[in-house]
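Engineer: The lines below spell out each chain.
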Amino acid sequence: MPETEIIVHDILIVGAGLAGSWAAMVAAKQGVQDVAVLSKIHPLRSHSGAAQGGIAGALNNVRPVAGGGPDGPLEQIPAGDAPIDSVDLHVFDTIKGSDWLGDQDAIEIMCREAIDVLYEYEHMGCVFSRTPDGRIAQRRFGGHSTPRANYAADWTGHVLLHTIHEQALRHKVKFYNEWYCMDLIIEDNVCRGVVAMDVLQGKIYTMRAKAVLFGTGGYGRAYKITSNAFANTGDGVAIAYNAGIPLMDMEFVQFHPTGLYKHGILMSEACRGEGGYLLNNKHERFMERYAKGKMELAPRDLVSRSEQQEIDEGRGVEADGQGIWLDLRHLGREKIMERLPQVRELAIDFVGVDPIDGLVPIQPTAHYSMGGIAADADGQVIADLAGTPVVGFYAAGEAACISVHGANRLGTNSLLDASVFGRRAGYAMARFVQNGAALQPVSGDPAQRSRARVQALLDNPGTELVEDVAQDLKTTMTNNCGIFRDEARLQQAMREIKVLQARFKNARTMDKSSRFNTDLLATLEADHMLTFSEVIVAGALARQESRGAHSRTDFPQRDDDRWLVHTMAHKNGADGPQLSFKPVTIDYDKYPPQERKY
Amino acid sequence: MSNPSTHPTATVRIQRFNPETDAKPHMQEFQVELKPGVTVLDALHEIKTHQDGSLTFRRSCRHAICGSCAMHVNGKNELVCNAPLKDRLDRNGRITIRPLPYLPIIKDLVVDRSSFWEQYLRVKPWLMPPADTPEKEFRMSPEEVAALNSAETCIMCGACYSSCQIVGLTKEYIGPHALLKAFLRVMDPRDAIPGARLADLDGADGVYRCRTIFNCIDACPKNLNPTLAIETLRKLAQKREAFEQARIERQKHLDEPIPAR
Amino acid sequence: MRVFQMQRISAIALVVFLTIHMIVVHYPPFHIDFDQIIIRMADPLWKAIDIVFLFFVLVHALAGAWVVLTDVQRFSRLKRAFAGAAIVIGLIAFYYGTKTILAFQPPV
Amino acid sequence: MYTSSGFISFALRRLTGVALVVYLFMHLWVIGSVNAGPEAFDARLAFVQQPLFKLLEVALLAAVVYHAVDGIRIMVVHYTGITEYRKSMFYAVLAVSTLLVIAGGVPIIRFMLEG
Ligand SMILES: Cc1cc2nc3c(=O)[nH]c(=O)nc-3n(C[C@H](O)[C@H](O)[C@H](O)COP(=O)(O)OP(=O)(O)OC[C@H]3O[C@@H](n4cnc5c(N)ncnc54)[C@H](O)[C@@H]3O)c2cc1C
Ligand code: HEM
Ligand code: SF4
Ligand code: F3S
Ligand code: FES
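Protein chains in written order, with the numbering used here: chain Z, -1 to 596; chain G, 135 to 395; chain C, 18 to 125; chain A, 5 to 119.
Mixed in with the good hints, there may be bad ones.
[Said to hold, decoys possible] Facing chain G, from chain Z, some residues (calculated, C-beta under 8 Å):
(1) 130
(2) 133
(3) 153
(4) 327
(5) 330
(6) 354
(7) 355
(8) 482
(9) 504
(10) 517
[What the hints assert, rightly or not] List time: in silico DSSO-like cross-link candidates among lysine-lysine, alpha-carbon distance up to 27 Å:
(11) 27(Z) x 170(Z)
(12) 201(Z) x 158(G)
(13) 58(A) x 220(G)
In case anyone wonders, no lab produced these hints; they're calculated from the structure.
In this text, a Cβ means the ideal position worked out from N, Cα and C, and glycines have one as well.
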């Protein structure tokens, strides 16, 4: 094992997706000299790049053509004409989408700053699609009452990610690419740095910093059918939890209605935004039964549930009846080629269907993690219900729960969330450092702990394969903690997770070398998934209601009296998570809770 | 893994190399089940998770958007995540996978892309916007955006770079990926320094190092055309001043609506 | 001008000159001997054509050789040295070749 | 090694280019002997008119023809920006070169055989 080596920076950011890169870029631009980012994969490989459909923001560039109906054509708003969209409307749609579980102050900040952030993206070189008069083009998206998804064809996340990474480079941010964060150093509620492994050499370092941000992304990999990348294993969430940081609202996992059948790979919501239909095996547009007003453009939780119900009631397609058809044929070749080129290629590559003339089999797919590390609107992580800050520790993006999505995220709001709060955290950290924050001492040798952990994994002579444990976890999460949940299934999931955690102790890492050991990484990731999955299940068990993406068949109603609260989960030794509940920030005059109907 | 199975099997030949322990690369064969819909990446995963955990490769998104998984399959560079295994097998049911050529091998199928990223940095991949920014967005016509489509979807996978023999000869060559990026910036009406960019590219390691081999086009999984971008840059470099002048003119109107036609 | 452009312009010139050269000098390739060559070569117009041809072929060949060498990373430090060598070799060869062409005298 | 039609065309062009440079300097040397007088010239010419050299001359012809035709192809790409037909253009170059080499090579061989 290598000698103790210590790396020091002013600001250290873990994760180089939109959230992490924004924070780094902004901090550097604000004049902090020594900003470093570490990412377990090259920054441009981050999952933000996979986002397709768009990023929300009430720019008021586009409106529906009068009399065109809910999926009629759009036109640019002529200069001088009244705007149709507003920040307030965006706020309301988001709150309603969140099933009133979102913190309304944070939502307001997000929707207001959306406009700034979008123009900043544009000024930094992001190649958005355009209206004929040269403004940023917008399209419809589920749950939004106006077309406010700003897009770049169907590779929006890709251009945003590349743009922000380039700007971070321009402002001389230092990158540690292919470094894996393993631990968070927190003493006395003050963050002092992280422990990370240089994957190439297999060396483990203590990295000290005045401020640390986690922008480590989501945890959809805990499910079998998922749209998420291999990298989305929720490391940051698990690491923070293990370090005593509370996780919030973890039970809310979004299932996207249109994942490619069997693969889970996402067919962008833009498919429906552009007017695609969902059909069951009788070729009915079944959404008529579930959300007559919005049809396919109802929010994701609702559409996914509708699909699952069709499937469960025997109206699914494909051999095992687990699929639904996505019908884009009526959009015509030209529109598909112009607006959905990537989506078309995915369908051809993975299920062998060209949407121009064929029905694409799809199924709901685990997509987004509403929950995460509890933080305020500056990305400042909090330690308890009272909101006590964890000094020097920040979180943003999908890994964080600033609670703008509540119980269900609206499409295009998460690129926005990652951007707005990544940016705000960047400013906050710069202020923190420039106001004289000092490097805090670290007691002992935290890297040694991680080295021991790695050594133990490598030395484990176990008989289990890590992958088998991980697969079993995914299966139980999908079957027992998926779209529809109930007490019995959740109890089952909890039991199985305990068993799997025990089995993991007997799992062996096949690759014993130190150089670029991805087998070791997979083992650490499996460990992390076993950690936070327990929190998801615990939250889902506790929450005896149905709200947003959390749908309990044994408690089908929303219950504002008891459950209009955030779930906070603290690690409680080996006993699993300890839950407490935090009130939701609600402006009862402006946005009082209502029934959520589409 | 000897489960009785109804699926036929495929033979996956993989080049293995760990510079810490091996003197030189060698080939190793694995058998995987040829289930329907299996991609080459799925096969690699099956091998890694159940047969030999030390097999090392990069991957993340698994749908051709992150650029991690470019490899040299049956003599060609491509992304393995959207490549159906069935289509890549030869008559004997075999597929041969090697790391991207012309780059140092870190381990098995993982290559060292340092030179690739250095060249990317060298063209200053970021936009240099004009000094004064409008309150709202810069106005760009859909046609101006369309001209950039042929470069903005580059996922920096390196398939082009490592297919180019000139890269094989010299790492001083900027390379097709970075030249394509430079093209994106030069063509963007919002970029304020196209002249300086063209001057930088005009050197012997820039556009003039390309020998029009075309491998880069064949290799690109996103159907991009670095060769054409390079040809265009060469021509623009010839009339740099005029191009710069036109850009200055264009930038005077960046905050005005595109006139209807 | 860039080596690249030198290479292309000389290439275009070579298409013309080389075609003439091949047809006139090598085809039909029968019974070339000193006398026949001398007769043609003595014509001042041919002398001029041959000198221009020589110039372009040297430019093209030496530029080409320089490109081939400098494409190899190991030699890139020697870029300038190679360029110098190419110019010197080019001048010597041009002088030598021109002298040869001019040396042809009409048969007496 | 990344083999492809693009690589083959490039390698051939480069190889033939280098071969032609070598030949060029040989050629200058042979013709240059005119300075040394008719005897020397005839001697050197006779030397290069042995059958072996006649065969080499066919090879030289092939080299020149391929190099030139492929060079033209490359320049067509430069000036027109056509890249879609890269493969067919390369096959066309091979076909045209072959035809030209046959047309030019047959007389040389016949001449050689007839003495
Ligand atoms: C297929 C798909 C399509 C989507 N489409 C849209 C859309 O159209 N609109 C929208 O608004 N949202 C969309 N989303 C959601 C959105 O893309 C994500 O929520 C958002 O990009 C998250 O950004 P992030 O910066 O938080 O994380 P990510 O982009 O996931 O980045 C995580 C970063 O953390 C790093 N990291 C993780 N763990 C570690 C570790 N242990 N050590 C070091 N580094 C680590 C990773 O390397 C990576 O750089 C989509 C999501 C998916 C899956
Ligand atoms: C009609 C005749 C010719 C044409 C059209 C032609 C064309 C070209 C072109 C376009 C190139 C550039 C190739 C590249 O950049 O990849 C080139 C390269 C070259 N040519 Fe020629 N050429 C001709 C004759 C010759 C002759 C007679 C010689 C030798 C004496 C020669 C020697 C070379 C060399 C050495 C190179 C460099 C090789 C390389 O870069 O790959 N060429 N030629
Ligand atoms: S141009 Fe194509 S091959 Fe090259 S890096 Fe970009 S996407 Fe990959
Ligand atoms: S393969 Fe290389 S030589 Fe040019 S055309 Fe492509 S960059
Ligand atoms: S895994 Fe992302 S491109 Fe293949």
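Engineer: Does each hint fit the structure? Answer for all of them.
Structural biologist: Hints, verified against the model:
1. Because the beta carbon of residue 130(Z) sits about 7 Å from the nearest beta carbon in chain G, less than 8 Å, this interface hint is met.
2. For residue 133(Z), the interface hint holds, the least distance from its beta-carbon to any beta-carbon of chain G being 6 Å, beneath 8 Å.
3. A least Cβ separation of about 6 Å between residue 153(Z) and chain G falls short of the 8 Å threshold, and the interface hint therefore holds.
4. Hint status for residue 327(Z) relative to chain G: violated, with the closest Cβ pair at about 22 Å, above 8 Å.
5. Evaluation of the residue 330(Z) hint against chain G yields a violated restraint, the C-beta minimum of about 18 Å exceeding 8 Å.
6. Below 8 Å, beta-carbon pairs count as interface contacts, and residue 354(Z) has none with chain G, the closest being about 17 Å; its hint is therefore violated.
7. For residue 355(Z), the suggested interface contact is broken, since its CB lies about 20 Å from the closest CB of chain G, more than 8 Å.
8. The criterion of a C-beta within 8 Å of any C-beta in chain G is not met by residue 482(Z), whose closest approach is roughly 27 Å, and the hint is violated.
9. A least Cβ separation of about 16 Å between residue 504(Z) and chain G goes past the 8 Å threshold, and the interface hint is therefore violated.
10. For residue 517(Z), the suggested interface contact is upheld, since its CB lies about 4 Å from the closest CB of chain G, less than 8 Å.
11. Taken as a hint, the residue 27(Z) and residue 170(Z) pair is honoured in the structure, with Cα atoms around 9 Å apart against an allowance of 27 Å.
12. At most 27 Å may separate the alpha-carbon atoms for a hinted pair to count; residue 201(Z) and residue 158(G) meet this at roughly 24 Å.
13. Of the pairs offered as hints, the one joining residue 58(A) and residue 220(G) is violated, with about 52 Å between alpha carbons and a cut-off of 27 Å exceeded.
The structure does not agree with the numbered hints 4, 5, 6, 7, 8, 9, 13 stated previously, though it agrees with the rest.
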